[in-house]
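Trainee: Keeping the supplied structure of chain A fixed, place chain B upon it in accordance with the hints.
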Amino acid sequence: MVSVDKREGHTISHYPFSRLAKAYLEKEGVDISKVSDDDLQLAIERVKATLTKKNRELWSFDAEAKSYALAKILVALLGDFYVKKQFAKGEANRAFNYLMSEKEEIFDEIASQFFDYEKKGGSYSISFIDYLNNAPNSENFHLINQELRKGKVYLHKSNMAALISEKLYNNIINTQLKKSDFPKKFVEASKQLQVFRRFEEEISGPVELSAFPPCMRKIYLDLQTKPNVPHNARFVFATFLANIKMDIDQAVKLFSKQENFSEQKTRYHLEHAYGTRTGRKYAVPSCSKIQSYGLCYKNESCKWASPITYYKNMLRRRRWKT
Amino acid sequence: MENINFIKEKFREYYKKKKLSPPPDFQKREFGFGDIKKIDYRHVSFSSVDEFRRHFVEKAPLYASYSAAYYEFPSARPMQNKKIIEADLIFEFDAKSDEKSLTPVAALEKAKEDTIRLIEDFLVNDFGISKSKISVNFSGSRGYHIHVFDDEVKKLNSKARRDIVRYIKPSPELIARVYDPSKNYTWHNRIKKALQQYKALREKREDTYKEYGINKREDERLMLIIDQLIGNKAKFDIKNKSARSAFEKLIKHYLYMKTLAVDEAVTFDMSRLIRIPNTLHGGSSLLAAKLKSLDKFNPYVDAVVFYNPPIKIKVLEAVSPFELREVKFGPFKKDEIVKIPEYAAMYLICKGVARPYGV
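Residue numbers (this note's numbering), protein chains in the order written: chain A, 1 to 322; chain B, 1 to 359.
Quick caveat, the hints were computed from the structure, so don't treat them as lab data.
Beta carbons are placed, not taken as given, at the ideal position from N, Cα and C, and that holds for glycine.
Accuracy of the hints is not assured; some may be wrong.
To be verified - Which residues of chain B face chain A? A partial, calculated answer using Cβ under 7 Å:
| # | residue |
| --- | --- |
| 1 | 127 |
| 2 | 157 |
| 3 | 160 |
Isolated chain A, as found in the complex (with noise of 0.2 Å):
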């Protein structure tokens, strides 16, 4: 193995897409055609304890360095953006979390990598066109509440960090492989992480009563119980019926003990909702707009911004336990 110093292995440990760690693979003479199983199933690890959110203890700094490198390339190789999506996001916190608390001189280092800046006291400045390329979506980052002088945007370290994070995320999102430049076992490992895929194409199976959040939950019961449950709440009942991809005969019989059902009309409104009639299926409201309707019954277990995040939530969370 290639000596580094200690200083190295912080660098290459807490920040494996360092220029650093990319060179001491390169001096350790990392061959993607000899990659071992093991290597390969360290970089399974990585990313599902990315995608768990689960906290894992620092690996070694070789085991970091070798694990993100083809992690980064698993992932690209699987194509489901929703899996790449998570593993960027979580790489890029945690990159984040280490530069908050990052000695100035590290901190630096890793900056140039990412940006042309100029410092001066303790402020970072950076061109303009750099930080809006860059910029997290966030009013925060909004160029109104940026110093901008000149062309150049003038950050402190916190969102110096944050831009850095951001393009890191950018970095893996926009990795593209093709799996014909690879050996057929880095294919064979990317299999294993299909299990994280977006769930879009996969609600499909029976319908889930004991997945629902809270508020569909009450309409859901309101309607077997009440005769005059408001429009508001039926429009959202169905929207998000249609986006769970309940069968529509059986969520036409949900609305037939309301007072002034009509099996036509509510067959009508649905295929509205469904898009069978228009080919755009309605989205289900956030829950910021259903708070606003007054339909919010939210308890602890409400994580999410949408009820149809936290009903996939609830059933991915089931799979991964079985």
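Mentor: Just chain B now, with coordinates in the frame of chain A:
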């Protein structure tokens, strides 16, 4: 149809005489042309200056546009097959006016002022873009186009372009939400100045609030906290509803006076086609002239390119007086047959209010 063919013949003559220059890196651009609409056909590309010029002489299009974007395969379709490389940053100001005149001078003057402010205050001062990288041309009709040709600026992604527009033209709600008197940033300073101005006016005249669309109660509440809003303490929430409403109205008032009426979509849509500088505009017969000096430019003199010998036209709808090349024409009545210089005749024909007579 008769009109279109007449216009095309005149345009053809013009393009035969003038040697048109294509935009920079034209081989990587997509072109689009139209006679009826602004763009009847697009996905056109050219590989040589000759080919480009020949197209104008052969087709004599009424409208000619090109992509701000540079593509690997500019004529490929659908769009994603073109493979975008990068794109110039462009802005468009269109004169919006209630002026019924055929030549809305005041509105165009406002568009010109906006253009100058965009360049001075924003592009040069805030974004640090050198003036030598900025090219301005008259749109040929009611506005101005600003092109930034800069190798770094080209790399801006679409989201970044949207952010630029939102910086140049922020929403009043956003400003009200994020305003922080302790921040020494451009927009925060501007709002602070607007507040100071309001306070000063208010001390002179008590009913200043009326001009701002603020009511008396809101004004009183705002005045209670205005010193805090002007001071150097950090951002605080305006809890009082009336004061908040007054603050928002004040910002709105300020922004509508100061923001630039830039067309957002033109800037952030990277595959947008925009008029080719120095081509003719089929809706006016004016030249989309590239400008050396914006200050001195008068579209109704400097962009008029047709000739003096008079021709006969029949007026199709009443025309109020207008001025071209500092010569007054009109008013003309419906169905009147008049003989006026070709450049004025072309203007009316392109506007669709007259047709050539006895041709």
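Trainee: Each of the hints needs a verdict: does it hold here or not?
Mentor: Hint check:
no. : hint : result
1   : 127  : 5 Å, holds
2   : 157  : 5 Å, holds
3   : 160  : 3 Å, holds
Consistency note: the structure conflicts with none of the earlier hints.
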